[in-house]
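I would like the entire structure built from these sequences, with the hints used as guidance.
Protein chains in written order, with the working numbering: chain U, 1 to 117; chain G, 118 to 199; chain F, 200 to 434; chain W, 435 to 931.
Please keep in mind that the hints were generated in silico from the structure rather than gathered at the bench. Computed from a predicted structure; not experimentally measured. A hint or two may mislead.
Cut-off 16 Å, straight-line C-alpha distance, at most; resulting in silico cross-link-like pairs (EDC-like, lysine to aspartate or glutamate) [what the hints assert, rightly or not]:
hint, chain 1, residue 1, chain 2, residue 2
1, U, Lys101, F, Glu429
2, U, Lys27, U, Asp110
3, G, Lys143, U, Glu108
4, U, Lys101, U, Glu111
5, G, Lys199, U, Glu111
6, G, Lys143, G, Glu198
7, G, Lys199, U, Asp110
8, U, Lys27, G, Glu198
9, U, Lys101, G, Glu198
Using C-beta positions, here's what the derived DEER-type ranges look like [unchecked claim]:
hint, chain 1, residue 1, chain 2, residue 2, range
10, U, Leu113, G, Ala138, 25 to 31 Å
11, W, Trp486, U, Gly63, 44 to 50 Å
12, W, Gly643, G, Ile133, 19 to 25 Å
13, F, Leu204, G, Asp122, 34 to 40 Å
14, G, Thr134, F, Leu204, 22 to 28 Å
Calculated Cβ distances over 12 Å to all of chain F for the following chain W residues [claimed, not checked]:
hint, residue
15, Phe667
16, Ser797
17, Pro827
18, Gln847
19, Trp849
20, Ile851
21, Leu920
Where is the CB? At the ideal position from N, CA and C, for every residue including glycine.
Here is what each chain is made of, one letter per residue.
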Amino acid sequence: MTEGLAHLDYIAVVILFAIGLYVVLTKQNLIKKIIGLNIMETAVFGLIVTSGMVDGGSPPLLGQGLEPPYASPIAHALVLTGIVVALSVTALALVLILRVKAECGSIELDELLEPDE
Amino acid sequence: MSPNDVFDALILILLITCALAIARMKDLAAAVILFSVYSFALCLLWVHRGAPDVAMTEAAVGAGITAVLFFYTLARTGRREK
Amino acid sequence: MRNALALLIVIVLAGLMMAGVSQLPPPGSPDGAVHRHVAAHYIDGGTEAGGAPNLVTAVLLNYRALDTYGEVVVIFAALVAVLAVGLSGHSRGPRRQPDELPVSPVVDRIIRLLAPFIALFALFMILEGHVLPGGGFQGGVVLGALLILLSLVLGPRRIRRMLPTPALFWTRAIAPLVFALTAIAGLALAGWLFALPEPAWLRELILVGLELAIGIGAALALVGFYLSLEADHHD
Amino acid sequence: MSSLAHLLPLTVLLPITAGVLAPALFHRRGLACWWWALAAAILTFATTVTLWRQLQSGSTISYPLGGWPPPYGIELVFDGLAALMLVLCALSVLILLAARRYVEATVPSSRQSLFYALILINLGGMNGFVAAADLFNLFVFMEIFSISAYALVALARGPVAALAALKYLLVGAVSSLLVLLAVALLHAQTGSLNMSDVAGLLAQAEAPGASALALGCLVVGFLVKAAIFPLHFWLPDAHASAPSPVSALLSGLVVKMGIVGLVRTRILFAEAEIVPLLMLDNLLVWLGVIAILAGAVLAMVQRELKLMLAYSTVANMGYIALGIGLATPSAVSGALAHTVYHATIKTGLFLTAGSILLCTGLSRVDDLRGLGQRMPLTSGALVLGLLAATGIPPTAGFVGKWQIALGALQAGQAWVIGVILAGALLTLGWAIRVINSLFFRPPARARVITANEAPVSMLVPSVLLAVLAVSAGLGGAILLGLVEPLALAIVGADHDH
Chain U
1 MTEGLAHLDY IAVVILFAIG LYVVLTKQNL IKKIIGLNIM ETAVFGLIVT
51 SGMVDGGSPP LLGQGLEPPY ASPIAHALVL TGIVVALSVT ALALVLILRV
101 KAECGSIELD ELLEPDE
Chain G
118 MSPNDVFDAL ILILLITCAL AIARMKDLAA AVILFSVYSF ALCLLWVHRG
168 APDVAMTEAA VGAGITAVLF FYTLARTGRR EK
Chain F
200 MRNALALLIV IVLAGLMMAG VSQLPPPGSP DGAVHRHVAA HYIDGGTEAG
250 GAPNLVTAVL LNYRALDTYG EVVVIFAALV AVLAVGLSGH SRGPRRQPDE
300 LPVSPVVDRI IRLLAPFIAL FALFMILEGH VLPGGGFQGG VVLGALLILL
350 SLVLGPRRIR RMLPTPALFW TRAIAPLVFA LTAIAGLALA GWLFALPEPA
400 WLRELILVGL ELAIGIGAAL ALVGFYLSLE ADHHD
Chain W
435 MSSLAHLLPL TVLLPITAGV LAPALFHRRG LACWWWALAA AILTFATTVT
485 LWRQLQSGST ISYPLGGWPP PYGIELVFDG LAALMLVLCA LSVLILLAAR
535 RYVEATVPSS RQSLFYALIL INLGGMNGFV AAADLFNLFV FMEIFSISAY
585 ALVALARGPV AALAALKYLL VGAVSSLLVL LAVALLHAQT GSLNMSDVAG
635 LLAQAEAPGA SALALGCLVV GFLVKAAIFP LHFWLPDAHA SAPSPVSALL
685 SGLVVKMGIV GLVRTRILFA EAEIVPLLML DNLLVWLGVI AILAGAVLAM
735 VQRELKLMLA YSTVANMGYI ALGIGLATPS AVSGALAHTV YHATIKTGLF
785 LTAGSILLCT GLSRVDDLRG LGQRMPLTSG ALVLGLLAAT GIPPTAGFVG
835 KWQIALGALQ AGQAWVIGVI LAGALLTLGW AIRVINSLFF RPPARARVIT
885 ANEAPVSMLV PSVLLAVLAV SAGLGGAILL GLVEPLALAI VGADHDH
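As structure tokens, this is what we get:
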């Protein structure tokens, strides 16, 4: 892979991170915000996976007849842990959203924050 | 540019398109489905980057379980964004 | 107006990020710092030092076991959190069967027919995770998805009653507990907390045990998330 | 290496394992679970004390997990910063002691064991965060204490708590993500995750832009966790609406983790000679100054006691940021001392506010008029805590502020002293309002007239912390001596005067 194209990954990662951040900052719907958060998270995971890759390399599995160079197993392990953390945060957020909906009657942040409730 | 690079570039474009569409979409159920598509595209990319473990996890979690959890939430909060 | 401002902020931040990221070493070169330093040490150590041919598993369960312990604690904490703050029990509305998702007889049949195979596949992923891609967490997610599917067919109450409550809490806690036991075994047999003791068969046994615990823990956590989102409908 | 070093991972494993077991062992048995949690916290504290004595007799304790030497494995360290762990564990014991009655009264019995499980997991996460010497490990422990903190806020009843917890979660998740992004950037640049290894590699790195971006992400992420103005907006609602023992935990301990993160970041980049470090110092000074004034003014205009305390936390985090930003040895050691002292003061204040809330059901300061006659010990503890918060000598609040002022002189920024004084005066302003209301006004509410003194299990921690808050300043020299080596490590020995 050429050097410029390899950076294409990084460019895409920055764009995805920015889109996710924009959704988190501007959308008033709480569920939409959580989806935005997930997009930001995958962008960071993408950065880690790409930084650990090797051109023409194989997955870091020994004894499967795969030839070195291997991609970095550390990067993959970090992302695995990251995905689990992201799932946990999302699940807790969704349960909290249900509580907000039941107790406040809305999940649109601008309606919830109006001074007269 | 090899066919591989073209494939990668196409996936990246698909990812960004999905993300933009999710940002604009008012129908939350459609946004969640698109997020599944997005996760799935990401899996393909990661297989290409030599990370099958991560790809499997992303497929199971991002495209699968996360979407299910979102759907159950939407069933009780309504699928339209105001 | 507020959105335009946010867009401006995001664009500026993206520009800064782009500037920083563009200075990173180009990815893909085998001579990059990522590959020469710690990762090279793991790859050179091979299966012997890492304990597993799948180096990702070796990193997760051996070299960086504390991170993975933290990971299972995070899922467990999220499960406890969801149970503690969820709606069920908070305000007792009329309990209804979830009839808004009618399952057609065909789907019902297919799920029942496929269930044993999916379970077998999940088990395979868990047990072979130290050799092939996949592992405890991935297998656990598949198992959890299967349980959620089954609850569509059998009804969530049946799934809820599959284990009595105290036993359920013990099973939910299995991943952090098995990790803690492994840590102590490492101290007793190899001199360090979280060390994998020799000989090779014992190592493999411990790895498989850990993967099983992670898998069961993940599956039950997912079912817990699902049940607390599904439970007690409010209108 | 002494075999006592094996105790270091135990400060994490012990509370977390106790927390994991709590729901299994004590389902629907809240009181038994309370004893269990208290025992676990005391045991963790004892472990920390043992480590602490070991540290006093020798040098830094380091533990390579799994026997893998750093940078190949994960390392935990017990250094000067770990002194904070001692305070963390001690205060957690007191918080748990006070929590029993509060939990019995407000948490349904089926969820009490979950409450204690979350508190213990939170403590273990914080201990791990303080001891982590590995960047990714730092992130993982941060997530452990963050997730449990979000849930603990939501354990309070009512619509405000749920929304506050959700806001806290959203902001917290974004800040955690920034930290993870920084970890990814540093790993991509150096190929290592061990902090001292990364610090050495960064010093020779040739990509200042990538380093600066990582620094920026870490700083913003930790500034949010530390609730430094204007990134504090999530704090008042979360800290005020949480159950009071949780407020004490969050305001006393959990926000301090942001400071721990900032200190670790400073040490990480101490040798890398990149320009933004200077900018960072200036930024921290300005943010600190604004936070001191804004926090105090906002505290003044509040009507609810717990909201006042929450905004006072914002102001006090400003003092700490200011001290770190001034970057002279006395200012930084002042900031570190204030971290410990503010933890003590604010834990006591929130626990006392919790007693009042539980005994009277009232939260607005105007409604609490005349409470001094009905609950003299609790009200007295509140007054002592408030006096310590203003920083009157020789209270605990004084030492840190005095050191920071000295540091401002060393740094040639004497104007900062005016801000420190103004902040103290503003704090005194609202503190006097509360004291006046409690002791010098006739009761206006029937519930104040019928109120009785708080139960012993809540009085003991309140009074103990109040006495500590007003008297600990006398031992200030000891604490300053302890944090000084760390302060020098942060600002570099060349600043030594």
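How the hints compare with the structure:
A C-alpha spacing of about 14 Å is found between lysine 101 (chain U) and glutamate 429 (chain F), which places the hinted pair at or below 16 Å, so the restraint holds. A distance of roughly 10 Å separates the Cα atoms of lysine 27 (chain U) and aspartate 110 (chain U); the hinted pair therefore holds under the 16 Å criterion. Using a Cα cut-off of 16 Å, the hinted pair lysine 143 (chain G) and glutamate 108 (chain U) holds, with the two alpha carbons roughly 13 Å apart. Simply put, lysine 101 (chain U) and glutamate 111 (chain U) have alpha-carbon atoms about 12 Å apart, close enough for the 16 Å limit, and the pair holds.
Note on lysine 199 (chain G) and glutamate 111 (chain U): the hinted pairing holds, with a Cα-Cα distance of about 10 Å set against a maximum of 16 Å. For the suggested pair lysine 143 (chain G) and glutamate 198 (chain G), the alpha carbons sit about 5 Å apart, so the restraint of at most 16 Å is met. A hinted pair counts as satisfied when its Cα atoms are at most 16 Å apart, and lysine 199 (chain G) with aspartate 110 (chain U) qualifies at roughly 10 Å. With a CA separation close to 9 Å, the supplied pair lysine 27 (chain U) and glutamate 198 (chain G) stays within the 16 Å bound.
Pair hint lysine 101 (chain U) plus glutamate 198 (chain G) holds up; C-alpha atoms about 14 Å apart against a cutoff of 16 Å. Range check, leucine 113 (chain U) to alanine 138 (chain G): about 28 Å between beta-carbon atoms, so the 25 to 31 Å window is met. Tryptophan 486 (chain W) and glycine 63 (chain U) have their C-beta atoms about 47 Å apart, which keeps the hinted 44 to 50 Å range intact. Between glycine 643 (chain W) and isoleucine 133 (chain G), the C-beta spacing of about 24 Å keeps the proposed range 19 to 25 Å intact.
At roughly 38 Å, the beta carbons of leucine 204 (chain F) and aspartate 122 (chain G) sit within the given window of 34 to 40 Å. Under the hint 22 to 28 Å, the C-beta atoms of threonine 134 (chain G) and leucine 204 (chain F), about 25 Å apart, fit the expected range. Even its closest Cβ contact with chain F, about 15 Å, leaves phenylalanine 667 (chain W) beyond 12 Å, as expected for a residue assigned away from the interface. The Cβ of serine 797 (chain W) sits about 21 Å from the closest Cβ of chain F, beyond the 12 Å cut-off, so the non-interface label holds.
Consistency note on proline 827 (chain W): stated as away from chain F, and its beta-carbon is indeed over 12 Å from all of that chain's, at 42 Å minimum. With a closest Cβ-Cβ approach of about 28 Å to chain F, glutamine 847 (chain W) is found to remain outside the 12 Å limit, as its non-interface label requires. Every Cβ of chain F is farther than 12 Å from the Cβ of tryptophan 849 (chain W); the closest lies at roughly 31 Å, confirming the non-interface assignment. Annotated as non-interface, isoleucine 851 (chain W) keeps its C-beta farther than 12 Å from every C-beta of chain F; the closest such distance is 35 Å.
With a least beta-carbon separation of about 24 Å from chain F, leucine 920 (chain W) lies farther than 12 Å from that chain, consistent with its non-interface assignment.
When each numbered hint is compared with the structure, no violation occurs for any of them.
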